[in-house]
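S.K.: Order-wise, the sequence lines are chains Y and L. Residue numbers for the first sequence follow the working numbering, beginning at 420 and rising by one. Residue numbers for the second sequence follow the working numbering, beginning at 96 and rising by one.
One or more of the hints may lead you astray.
Footprint (simulated), chain Y over chain L, 3 or more residues, beta carbon under 8 Å [what the hints assert, rightly or not]:
| id | stretch |
| --- | --- |
| 1 | 100-107 |
| 2 | 183-196 |
| 3 | 206-219 |
One side only, chain Y facing chain L, incomplete, derived with CB under 8 Å [said to hold, decoys possible]:
| id | residue |
| --- | --- |
| 4 | Thr463 |
| 5 | Val465 |
| 6 | Ile478 |
Just so you know, these hints were derived from the structure itself, not from any lab. Just so you know, even glycine gets a beta-carbon here, dropped at the ideal spot from N, CA and C.
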Amino acid sequence: MNRYLPPSGSPKYFKSSPALLKRIAFGMGAYSFFVLYPAYCFLTWVATDVVPDWQQTAIIAGCAVAFGFYAYREMSKLTRVRGAR
Amino acid sequence: MVRDFLGEHYMVLKSVHMLFAMIWVWSTSVAYISYVVPAFRNWLAHPDDQDATQLRNWVMERFDHGVILEHVAFPMLLITGPMLMFSAGWGVDAGWLAAKLVFVVLIFIPIEIFDYWLAHFGGNKQALREAGRMDDYEAYMHRHWWFLVITTPVISIFAIGALFLAIIKPF
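Same shape as in the complex, but just chain L (with noise of 0.2 Å):
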């Protein structure tokens, strides 16, 4: 019953789940190539300039509170999958599947952890900015760095990827 409930509703459910995958892989490019990436290459090459210092804490502030939109989609991504999954029949024996729920599920899924707890969290600059806490803060600014150093190849790669796992549907 649920299942002919979901399928009469399949196209309306992968409008919704494509429509969430495009915020979740696209709403932070902007601002992370055009302004994180040269604020912080900025302060890299002059870390004792106080405005080189300043615009990066500026930027990377903003951008905590910008990633808020890919951190709603990402969780609608995880509903409305299965849901997908569910109502059309897939299995695991469609390998652009199998391939798409390991990319989710031991690459996505770590990553995001992570990104929640250094935008929303434990690592959110401003909270930290107005605790008064500067040397987390400072801390902070460069593991976020960090973890947009090494997580930067692995989206463009595995994020294109499951799109065109999603939408191709090649094996």
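The following block holds chain Y by itself, in its conformation from the complex (with noise of 0.2 Å):
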């Protein structure tokens, strides 16, 4: 294991908030929904004309919620600090 330690003036401390980490929980979920999903949308409609339905498209918004909220979870339980050790 190399000895070496970060220099003294280096931020040594890792900074999160769970704003901030709201953020981008909500970035995820509207990439999902915004850039993900019209993306396979389109290519669904080049290559058989079929367009999504209300339906599909309201299951997909439930999804990207869902995903969201398990990504807020996620990476919240990952820069807790507290039980280490």
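Combine both chains into one complex, guided by the hints.
M.R.: Right, dumping it as structure tokens:
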């Protein structure tokens, strides 16, 4: 194991906050719904001329919201400062 | 002619593709769950503890090396995937394939580009340490942890989702 330590002036403390994680999780959910889903719809529309119905869109919106919550929970667990050792 | 040749070897191609898919998805999981996460969470709780910092550094440098398997598997997937598509005559009219292509192009490739950079190129921690760039070393340690924090939920949903789509072909 190397014995090097960061120099004293370097940013030693990892900075994260619930507000930042919420913004990132919101971005992930939004990316799923506003980027990934339209890309999928475009591909299937090009190949089959089929456009998604409202029911499918509503299900995907629900999945995107659930994914955002899941992402927030996972990221919070990884950055939580307690119970180590 | 090429399609005939690939078609004759479809099952071999599929086996190779699945083998590399499993390597890509799982090869770092034990190291990540059992070593990287505990070492980083320990350091988060005790940032002034030299042992915690040194353990974090050692684990992350080894992890940079350990992701080589994953980073060999990924380009193999990008090669064998289109070969499978071509040999089987699949197109994006198959919904599962359209979804999988979206995952690959808009999630996995961008993530892997960052991962290659952090592990093997500008963000390689051992190289930074050996160059004496300890400020950058620490900065990249933080960046890499942010990368892992953000990509963990993404990979755990979409990589498993891609495997499900490829195997089950549900729509």
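S.K.: Compare the structure with the hints numbered earlier in the document and write down the numbers of the violated ones, lowest to highest.
M.R.: Structure breaks hints 1, 3 and 6.
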